[in-house]
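Engineer: Next come the chains, spelled out residue by residue.
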Amino acid sequence: MSDSFPAGLDGERLKGLYRALCITRAAEERLEILQKQGHVTGGLYRSLGQEAGSVGAAFALRRESDGTGDFLAPTVRAAGAMFLFGATLVDFFRQYMARETSPTRGREANVHWVDYQKGFVGPVSPLGTMVEIMAGVTLSFSLRGEDRVGMVFYGDGASSTGAWHEGLNFAAVQRCPLILMVEANQYAFSSPTAKNTRVQSFTEKAPGYGIGAESVDGTDVIAVYEAVSRAAERARGGLGTQLIELKYFRRLGHAQHDSQEYVDPALIAEWEKKDPIACFHRRMVDNGWATEQELETLWHESEEDCRVAAEQAIAEPVPHGPDAVDDVYTDVTTPHPWTRGVSPDPRLA
Amino acid sequence: MEQPTPEYLQKTRRGEPVTLLEAISEGLFEEMSSDERVFLLGEDIGTYGGAFKVTRGFLEHFGDRRVIDTPIAEGGFTGAAAGAAHMGLRPVVEMQFMDFISPAYDVITNYIATSLYRGAGPMPLVIRGPVGGGNRGGPFHSQNVEMAFFHTPGLKIVYPSTPYDAKGLIKSAIRDDNPVIFEEHKGLYRAPALREVLPDEDYVVPIGKANTVREGKDLTVVTYGAMVHKSVEAAELLEKEDGLSVEVIDLRTLLPLDDDAIIESVKKTGKVLVVHEDTRTGGIAGEIAIRISEKAFEWLDGPILRVTAIDSPVPYSGSLEDYFLPQTSDVVKAARYLAGY
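For the protein sequence lines, the chains are A and B, in the order given.
Quick note on our numbering: the first sequence kicks off at 28 and runs consecutively.
Quick note on our numbering: the second sequence kicks off at 921 and runs consecutively.
Source of the hints: derived by calculation from the structure; they are not laboratory data.
Source: prediction; values computed, not measured.
By construction, the Cβ of each residue, glycine as well, lies at the ideal position given by its N, Cα and C atoms.
Treat the hints with care, as some may be off.
[Claimed, not checked] Reference listing, derived: stretches of chain A covered by chain B, where coverage requires no fewer than 3 residues with Cβ under 8 Å from a Cβ of chain B:
no. : stretch
1   : 134-143
2   : 162-170
3   : 194-208
4   : 352-364
[Stated by the list, open to error] Examples of chain B residues toward chain A, derived with CB under 10 Å:
no. : residue
5   : Gly-1008
6   : Gly-1039
7   : Lys-1129
8   : Glu-1184
Extracted from the complex, chain A is given alone in its bound form (with noise of 0.2 Å):
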């Protein structure tokens, strides 16, 4: 075998990050059969194009399963972190479907979902309030002198959000051990970069907050795996606040009601060549990291986890409709509406 492996990485980390990759998009692609199929109801979010952003810098992190490691924001871009994470094949289909079974009960949508022993905790759809929720949470880990660092997904869009601009500089001035992932794919649903800022780069930000910054290609695995290192050794070391741009390109439209049209098809095209499985599986390959056959078992594995997770999550119940009363409060009872029962009383209402 090869004795040039990357990064400190060795081949069985190297087939971890290939397989998170096609996790990644086997899940995603799974998502679009079941949308056609009608089990899908709400919005269909693809990261095609991005997934080596997520997976390499997730896997540059200390994950843990009992509330010691560190601790992850993704956006519905970044569903690959959240696998890296913990998060289950099942879990993420039975969100998608709204199952009762699902981490949210029905409340909430897609990786919209939290789990402290994990380390993740879902965005809402505001943007930038992860940010400000994630300078808090990187705080508590300050006050209690945890050596634990946080990470923040967000997009193009959101870098514009008054929440970004607030939480960044609250977390800047306590220093807090948090690192901000700039996903620049290039489009806020359909508005280009330039339509949300004058800077040709985000790392331009991060000198008025004080920060440090770094830009890499968002489409290489390894390089963002290295680049997030160096992050999260600053962030862990003291240096505080980290900014992360992932530069690459959303090859999908912001959802799949979203045709695209906006974009030349050449530009499109010209991304495709660069998308980050095909790159890596040809590095591995011609590096020797992994063979040809490992690399397709991979794939078909991972086409095969995420058909058997969502079949079993088809399976499972919907909400039952007068939940939706529950869990508004620890401990105030919601009252059902007065006209539900069997003799309708405006006294209960």
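Based on the hints, put chain B in the right spot on chain A.
Structural biologist: Chain B only, in chain A's frame:
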């Protein structure tokens, strides 16, 4: 190095009366002393001790990791508090004036209030700060903010009117696993007439329970905050001059509303006047009226009426602000009108 408790935070221990502001300071101090998960965030709360000095001496006692002077960005530090709450801490956020809570509206309503429901766990978080008019503060230092949040399921809203309640409720709020918005009326902060000796023990006042501050049988005034005192003043005058027996209910908690206390009183008096310092349209009087209509319509002997501020921004000039705010004389006139049914 932790400093000894400042003498001005030991009045209750010495058996001396405290103001509403001092009661809140004592409550915060005691909760921070007994639970190391409790910490404070806000503008100028550390070195300066807060705009109204609620946290004077806290920085020296608890250190700058538990008393955090923040950038001027209410959304940012409220969001950060939410993140810390996720990790098991129990943050108390100070808004320098509650008028400035609006930049945090997004994170409070979309994120904090929905956390439990979304499966993201409880949100033990208090957002407290000064509210209310009468101090010639103008449009941006005088508002009441309860109704901006009343419509958001998942939040609790507390608004005490006495030192006893303020201390007991701030403790309950900090111990609550749900997010609590805690309003402190500036006009009551140092009002000498409200000073009272508090029990020198660890007591709480439950959230969600109103208090009948004055018993009566002819009509009910439902109110809260600074208007409790104007309503009691009006009730005493009405008893003396008109022989009217007026019951006054201090809601203390606005969300969740104590329906039982209101309905029980309505069944006794049959007439209800809601008094609030907040502006009129969309004020809490509307919600109270519909609940009475749903639950006790047949007990009513007259219309449900309200005395409120006018529907305008809070004006700066004293003459304008006095006209804007509901006064004792307004409560008296409204009660006499209602008693005529």
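Engineer: Run every hint past the structure and note whether it holds.
Structural biologist: Hint check:
1. Here's how the stretch 134-143 of chain A fares: 6 of its residues keep a CB closer than 8 Å to some CB of chain B, so the rule of at least three is met and the hint holds.
2. With 9 residues carrying a beta carbon less than 8 Å from a beta carbon of chain B, the stretch 162-170 of chain A meets the three-residue requirement, and the given coverage holds.
3. Restraint check on the stretch 194-208 of chain A versus chain B: 6 residues with Cβ-Cβ distances below 8 Å, three needed, restraint holds.
4. Note: the stretch 352-364 of chain A has 7 residues with beta-carbon separation from chain B under 8 Å; the three-residue rule is met and the coverage holds.
5. A cut of 10 Å between beta carbons decides the hint on Gly-1008 (chain B): the least distance to chain A is about 7 Å, and the hint holds.
6. Because the smallest distance between the Cβ of Gly-1039 (chain B) and any Cβ of chain A comes to about 4 Å, under 10 Å, the interface hint for this residue holds.
7. The closest approach between the C-beta of Lys-1129 (chain B) and any C-beta of chain A is roughly 12 Å, which is over the 10 Å cut-off, so the hint fails.
8. Below 10 Å, beta-carbon pairs count as interface contacts, and Glu-1184 (chain B) has none with chain A, the closest being about 13 Å; its hint is therefore violated.
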